[in-house]
Amino acid sequence: MAGFLGLRIFGSEPFPFLFTRDTLAEVEQLTTGTVRYPLTKILIRIAAQHPDNMLGVMCRACDERALIELCKNSKLRSDKIITIGIPCTEELVQACKCENPQPSNQITAAGPIKEFDRTDVERIASMKLEQRFSFWTGQLGKCIKCYGCRNICPVCFCDVCTLEDQPLVQRGEIPPELPSFHLTRAYHMAGRCVDCGLCEEACPVDIPLRTLYRRVRESVKELLDYLPGEERDKVPPLQILGDGLFEIKE
Amino acid sequence: MENSPRFEPRIIAFCCNWCSYAGADLAGGMRLKYAANITPIRVMCSARVSPHFIIRAFQEGADGVLVAGCHIGDCHYLKGNYIAIKRVAILRDLIEFLGISRERLRLEWIAGSEGDKYARVADEFTEQIRGLGPSPISQILFREKGKETAGVTKRKEGGL
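So the sequences go chain by chain: A and B. Per numbering that gives the first Met the number 0, the very first residue in the first sequence carries number 0; after that it's consecutive. Per numbering that gives the first Met the number 0, the very first residue in the second sequence carries number 0; after that it's consecutive.
In case anyone wonders, no lab produced these hints; they're calculated from the structure. Just so we're clear, the structure is a prediction, and the values are computed from it rather than from any experiment. Some hints here could point you the wrong way.
[As the list claims (entries may be wrong)] Sample of chain B residues at the chain A side, in silico, Cβ under 8 Å:
(1) Asn-16
(2) Trp-17
(3) Leu-25
(4) Met-29
(5) Gln-58
(6) Lys-78
[What the hints assert, rightly or not] If you want the ones that stay clear, here's a sample from chain B, every Cβ over 10 Å from chain A, calculated:
(7) Arg-5
(8) Glu-7
(9) Asp-24
(10) Ala-34
(11) Pro-50
(12) Phe-57
(13) His-75
(14) Gly-79
(15) Arg-86
(16) Gly-98
(17) Arg-119
(18) Pro-135
[As the list claims (entries may be wrong)] Which residues of chain A face chain B? A few of them, derived with a C-beta cut under 7 Å, are:
(19) Trp-135
(20) Gln-138
(21) Cys-145
(22) Ile-173
(23) Glu-176
A virtual CB, placed ideally from N, CA and C, is assigned to each residue, including glycine.
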């Protein structure tokens with residue numbers, strides 16, 4: 000292993016840090032921390048610069064799901080990465096409403112697995128159409144277009160982003176056009192979103208983004224039978240043409 | 000809009016060059032009468048219809064969007080329509096969750112010989128959208144920008 004990407008204590012706060020042979024002494028400061036970072040996203044950059052090196056990464060369950068998706072999208076090579084699974088603390092599991100906080104390659108004892116919490120999705124799905132639309136315009140209208148949701152998203156990896164494409168998204172307009180900006184991003188989450196919830200955590204104006212993307216995740220599961228991050232051997236259905244047997248049922 | 004006697008929806012139809020656009024052409028050639036609310040846009044394949052096009056159409060105030068392509072197995076590019084249907088299915092779920100009826104987005108397979116089907120779909124879809132009323136997006140555009148016609152926005156620069 001040429002390097003290990005984990006969290007290191009600086010002062011009193013943990014930050015992402017790449018431990019290498021030269022900085023072995025600093026392993027003393029290695030921590031699992033109580034905060035989350037999209038470590039796999041940082042790993043993409045490091046791996047791009049050192050394609051031949053073996054890299055280690057600290058993985059929470061959400062990081063691992065993201066890693067699976069990133070490997071499928073040829074952003075990382077699974078044979079060049081060693082994961083060290085970290086189960087989340089009870090408080091973190093509660094805070095994230097995490098459905099499955101168990102990474103596969105774990106070094107400590109296993110924690111609980113929870114049921115998929117659908118309350119938020121159901122609450123919105125039970126509204127009437129007009130109500131739902133005004134709920135979302137109210138929520139999305141708060142957007143200050145900081146791009147925080149995109150920047151922190153572990154599975155947003157494109158070099159050129161649609162959300163910065165001038166014909167589609169007007170520059171300098173706040174809030175962005177309702178609802179096309181968020182609709183575009185939500186569509187892009189189809190077959191990708193691993194439900195880590197970092198987007199909602201990062202959002203400065205508390206838009207319930209995770210609920211929106213959860214619905215997308217559910218649709219992809221219902222329609223195309225694919226749960227991003229959970230299925231190592233399946234090809235993402237939106238990346239392939241498929242067999243043409245899929246039909247729209249009313 | 001509310002005061003006008005009958006609501007005339009604006010519908011954007013993305014028609015694939017090889018089947019559906021030929022079907023639309025045939026409908027004209029056969030002198031079939033159908034709703035004038037449909038604005039066809041020719042694209043090379045239904046797979047060319049990126050979800051961004053559909054989202055953009057709704058954002059610009061379209062009350063309905065029709066994606067029309069060749070029947071499964073008849074695609075000029077063999078399998079283009081395989082992906083088009085998956086995209087539309089997901090997008091339909093998504094717009095419904097945001098409060099825009101899923102019926103506003105429709106996918107139809109129309110062959111080059113089905114001029115009558117094109118006319119029928121155009122009529123049916125127009126009636127359906129008329130029943131649903133103006134799209135909620137065009138209503139916010141109308142309210143916020145104070146434009147004379149609902150759904151007509153002027154973009155500063157660029158545009159699709």
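Q) Hint by hint, which ones does the structure fall short of? A) 1, 2, 3, 4, 11, 12, 14, 15, 16, 18, 20, 21, 22
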